[in-house]
Structures are given as structure tokens and as C-alpha cells.
Amino acid sequence: MAVYEHSYSRYPGPFTPAWSRFLVLPRFAFKDVFKSRLLVFFYALSVLVPVFYGLAIYALNNLEVLDSLGNAGDELGRMLKVDETFFSVFLLVQSGFAFWLTVFIGPGLISRDLANNGLPLYLSRPISRAEYVLGKLAVLLLLLSGITWVAGLLLFLLQSSMAGWEWLAANLHVAAAIVVTSTLWILVLSLLALALSAWLRWKVVAGLLFVMIFFVGDLFALLVNMLFRTEWGHVFNFDQLIQIVAASMLGIRPPDGPPVWGCVLALLLFLGFCLLLLHRKIRAYQVVS
Amino acid sequence: MSTTIDPVAGAARAGGDPTGAFGIDWALIRRQIGGILRLEISKNLIGGRALILYVLAFAPVLLVSLWVVVPIDKGLGGPASGAAIFANIFPFYVRVSVYLSALLLFMSLYRAEILERSLHYYLLTPIRREVLTAGKYLSALIAMSLTFALSTALLFVLFCAPWGVGELMGYLFRGPGMGNLLAYVGIVILGCAGYGAVFLLAGQFFRNPLVPGLVLWVWELINFLLPPLLKKISVVHYLRSLYPIPVVEGPFAIIADPTPAWLSIPGLLVFTSLVLIAAGWRARRIEITYGGE
Numbered sequence: 001m002a003v004y005e006h007s008y009s010r011y012p013g014p015f016t017p018a019w020s021r022f023l024v025l026p027r028f029a030f031k032d033v034f035k036s037r038l039l040v041f042f043y044a045l046s047v048l049v050p051v052f053y054g055l056a057i058y059a060l061n062n063l064e065v066l067d068s069l070g071n072a073g074d075e076l077g078r079m080l081k082v083d084e085t086f087f088s089v090f091l092l093v094q095s096g097f098a099f100w101l102t103v104f105i106g107p108g109l110i111s112r113d114l115a116n117n118g119l120p121l122y123l124s125r126p127i128s129r130a131e132y133v134l135g136k137l138a139v140l141l142l143l144l145s146g147i148t149w150v151a152g153l154l155l156f157l158l159q160s161s162m163a164g165w166e167w168l169a170a171n172l173h174v175a176a177a178i179v180v181t182s183t184l185w186i187l188v189l190s191l192l193a194l195a196l197s198a199w200l201r202w203k204v205v206a207g208l209l210f211v212m213i214f215f216v217g218d219l220f221a222l223l224v225n226m227l228f229r230t231e232w233g234h235v236f237n238f239d240q241l242i243q244i245v246a247a248s249m250l251g252i253r254p255p256d257g258p259p260v261w262g263c264v265l266a267l268l269l270f271l272g273f274c275l276l277l278l279h280r281k282i283r284a285y286q287v288v289s
Numbered sequence: 001m002s003t004t005i006d007p008v009a010g011a012a013r014a015g016g017d018p019t020g021a022f023g024i025d026w027a028l029i030r031r032q033i034g035g036i037l038r039l040e041i042s043k044n045l046i047g048g049r050a051l052i053l054y055v056l057a058f059a060p061v062l063l064v065s066l067w068v069v070v071p072i073d074k075g076l077g078g079p080a081s082g083a084a085i086f087a088n089i090f091p092f093y094v095r096v097s098v099y100l101s102a103l104l105l106f107m108s109l110y111r112a113e114i115l116e117r118s119l120h121y122y123l124l125t126p127i128r129r130e131v132l133t134a135g136k137y138l139s140a141l142i143a144m145s146l147t148f149a150l151s152t153a154l155l156f157v158l159f160c161a162p163w164g165v166g167e168l169m170g171y172l173f174r175g176p177g178m179g180n181l182l183a184y185v186g187i188v189i190l191g192c193a194g195y196g197a198v199f200l201l202a203g204q205f206f207r208n209p210l211v212p213g214l215v216l217w218v219w220e221l222i223n224f225l226l227p228p229l230l231k232k233i234s235v236v237h238y239l240r241s242l243y244p245i246p247v248v249e250g251p252f253a254i255i256a257d258p259t260p261a262w263l264s265i266p267g268l269l270v271f272t273s274l275v276l277i278a279a280g281w282r283a284r285r286i287e288i289t290y291g292g293e
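For the record, the sequence lines run as chains A and B. All residue numbers for the first sequence refer to our numbering, where the first residue is 1 and numbers rise by one. All residue numbers for the second sequence refer to our numbering, where the first residue is 1 and numbers rise by one.
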């Protein structure tokens, strides 16, 4: 039938609630992400770590398992304890996985839309600029949450269920540290990746710059500290800032660096800067070239 | 009746043989490379790519300028102690700023043109692919060498500056300062040439050179931990043997005999030439499918 012979009628189906429209973006993005077998493998690897941690928690809370291991079990029981350090190491490992996942997923999220002049197609639909960014952000937030704070809280609950309510009551600060520091780290990674993705239309360069900001930031921090004999240089070293916040919340010895309020302020300023970059670049119009 | 126009034969008949050594028209190649340089140097020195290059090159310069201005105790050693601090920082400058700038700049020479859908303009011109590759490489090398030679010289001078102009001039012109400065500038240019050639080739082979670039970076960063034989498969090893002020690489470093300068410099140049020949050979086989990008 010719196109002009079509007759059109109003869509009779249910409408998506306005608040959840942004979730359309991650739904399609996940399909793209999990097309890559390498990424699926890497994500599975990052899920394996919490599984090992879960097994360790089970073994450490189960005398029979430790007894069955003989002397090795005794050694393990003495060396490993499910405490603040245990969870801080878990957070450190999972932060590394979150970083590399963002390197491979984040830089392509917005750049492809901009490079192919696709932004008007999104924004001509009932999705605002903020919802567009939120939708793209949700891709990373959901993926990274699964391997960081969600996995951490599950481990925390596993330990609580095995060690009892007293342990839970005495270690609530651990749960808070897991959620707060993971969320901060995820936001830093995601917003930076999206900002770079929006400003550099080439995914590879955006990915490279993302890695550079962290590695060069570490070295730049060392240079500042060495030249000016200060610890404030670490404001350029985001993973160090997160570690300081985590250590202070967990109540363990923090690494060298500025005080906690300085770390939080530096991180918030950085997040604000990334949002500003996104605000400048994601426009409701685009000069199609 | 068909007519075949053969400019070479025509020129030969007219008594002006355009070909030179090896049967190559060098004057034409010079003109073509000149044309490419005019187009490419401005691309490499102005624009988004250049901004990253400038940040990587001059961020340490800004920081050290601040250090010079801020009134904190800088020790009593004079410019020589400043040069020693510079000598310790310089390897990181090469491994991070120079390496990453080369990765970004040289890798983009072909890839960026493919993404901007403009490479076919070059490929449609009557110019040999090897000449195009050489022209592009030279343009990026000139842009990067100019930038990093300037930043290295500034860094060196700034590190020696806090003890006053008189001390600085004395160290530079009556001491070993100027020789050291020129040696460091030379090392940086050699680094740009070596890394640049590698990444030009990588940009032609890999659609996403991020992973090989990072793997190579780690290799260069951990060079001091590698056994002597493996150390030699890296650019930084040859550059290190040229440092005018020796650097201690830490307690975990595995000591290897430095390659003498008379071997390091030609070695790096030969290596760069070989990689460039490979890049030129690869360029002959480039086919563009913009839709696949």
C-alpha cells in the first residue's frame, strides 16, 4: 500500500509514566554493551570477586569449614577477619573493576549520538536534556552499582546473618561507608566519562583521556606534594580522595592526603564541573554538519 | 587516434629529466611534502587535539612556575640542585606527557581523517601513499617537537631559576647548564620521533588503539623492573642512556648497562625509519569504508 494511502490514528496503548521515560535509554544501551563478549567476560569476572568474598565470609564464620582445612584453616582464621579492613579491600578491588568497565563503556555513550547528529532525534521526543543525561548516566550507575555497593551490602548482610544482630548493630558504619564511597566513586567515574564523551566525539580519544586523567592526576599530585611539601596535591588524585573518605568512614587509618572535608569538597567541585560540561554540550538543538 | 601523454618522457625529451637518484623525482616529493606540511601543521597546532597536547606539555611548566614564585624553602644547592630535581622528574615527563601526546597526535593522523570522513580527499590526489605518510608524520613531529622542546627548556630553566638570575646565567653559560638543557631537548625530540612512528603505525593497524597504547605504556612505565634483555625492547631505555644527569631508578630497579650514545641515537633513528617504512607500506593498502566506522 502506498504511503499516502495509510491512515493514521492515535496510539491506543498505555503511556509510559513520565518519570520513567529516561529508562528507555539504558534499556537499549545495555543491549549494545552486552553485545561485546569481552565486556560480558569482564563483568562476569567482576562479579566473581564478591562470590569469593562470600565464600570467605561463609568459611570464616563456620568452624567446621575451618577445622576441615586443618592448620591452614587455623592460619586463615587468625589472618582474616571480617572487619573494616576486609570491606575496605573489597571496595578497593571493586573500584578497580568499576574504573575499567567505565573506560570501555562510558566514552561511547554520548559521543556516538553527537557524532551521528542524533541528539535532535532524542530531544524531539518527550525527553528533556536532564532526562537524556540521566538516562545515559543510569547505564553506568546500574552496571557499576551491581558490582560495588549492591554486592558490598549483600556481603554485609551475609556476614550479619552469620555473625548475628550484635555484629550488625556494631558495624552499621561499614554499610554506610560501602554505600557512600561506592556512590561517590560511581558518580565521579560516570559523570567524567559522560562529559568526555560529550566533548570529544571520538570514543577512543575520550577513553584515552579518561584513563589519562586518573593516571596523570596521580603523578601530578605527587609532583605538587613534592614541590610544595604539602598533602593537598592529592586533590588531583581522585582514587586517593575516595580512599580517604572510605577510611575515615570505616574508622581505619586513612592514606596520606587532605582532611576528609577537603576530599569531599574537591570531589563535589569536580562533579559540579562535570555537570557544567554536560550542561554546556547537551543542547536541545544541534548544528548538523 | 589515441594520444598518450607521458610527462616524464616529455620532460626527458626537453632535456630536463625530472627524476633523480633511484629514479625518483625528489623535487616533486619535496613540493608534495611541503603542501602536506602546510595543511597538517596548523591542524596539529590549533584545535582540540592541540589543546590536549598543550595541557600535557605545559601543565608541569605552570606548576613549576608557581613553585618558583611561591616563597618556600628550595634548599641551598643552587641551580645544580634544581637541575637534579628536573633530572628526576624528566623520565616521568617523557613516559607520561611525551608518550601520551604522541599516542594522541600520531594515532589520530589517519584515524581522525577517517572519522571526519576526509581521508579520501588525500587519497584522490596524485600523491604516493608513502609520501602522504611521511608528510603527515613530519607535520606531527614538527608540531610535537616544537611544543615539547619549548616546554622542556622552560621546565629546565624554571627549576634552575629560584636562586636568582645571576646564578642561573652562570650555571647556563659558564657551567654545564646549557649542554644539559640541549641534551634534554634533544632527548625529548628523539622521544617524539620514536613514539610517534610507533603510534602512526598502530593507528593504521588498530581501529581502537587504546588497548595497545595502554599496554605499551605499562611496558614503558615498568621498564626499570624488566630484565636487561627486555629493557632493550623499549624507547625509554635508549632515551635513558642519553640523560646527561644520571637518575637512580629506585631500590627495585634491575640495573642494565646503558647503551652508549653513539649506538642509542642511530639505533632510535633506524628503528623510527623502519617503523615509518612499515607505515608507508601499510598506507598503500588502506581502503576506506566510512560506513564501517
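Quick caveat, the hints were computed from the structure, so don't treat them as lab data. Note that the structure is a prediction, hence the values are computed from the model and not measured. We put the beta carbon where it would ideally sit given N, CA and C, even for glycine. Mixed in with the good hints, there may be bad ones.
Listing some non-contacts, in silico: residues in chain B with all C-beta distances to chain A over 12 Å [unchecked claim]: (1) Arg-111; (2) Leu-229; (3) Arg-285.
Example chain B residues on the side facing chain A (calculated, C-beta under 7 Å, incomplete) [to be verified]: (4) Gln-32; (5) Ile-33; (6) Leu-100; (7) Ile-114; (8) Leu-115.
Status of the hints after comparison with the structure:
1. Once the 12 Å rule is applied to beta carbons, B/Arg-111 is inconsistent with being away from chain A; the minimum gap is 7 Å.
2. The non-interface label for B/Leu-229 is consistent with chain A: the shortest C-beta to C-beta separation is roughly 27 Å, beyond 12 Å.
3. No Cβ of chain A comes within 12 Å of the Cβ of B/Arg-285; the nearest lies about 21 Å off, and the non-interface call holds.
4. Annotation: interface hint on B/Gln-32 violated; nearest CB of chain A at approximately 28 Å, more than 7 Å.
5. Contact between B/Ile-33 and chain A, as hinted, is not supported at the beta carbon level, the nearest pair being about 26 Å apart and thus beyond 7 Å.
6. A least Cβ separation of about 6 Å between B/Leu-100 and chain A falls short of the 7 Å threshold, and the interface hint therefore holds.
7. Nearest Cβ of chain A to the Cβ of B/Ile-114: about 10 Å, over the 7 Å cut. The hint is violated.
8. At about 6 Å, the closest approach between the beta carbon of B/Leu-115 and any beta carbon in chain A falls short of 7 Å, and the interface hint on this residue holds.
Consistency with the previously given hints fails for numbers 1, 4, 5 and 7, ordered from lowest to highest.
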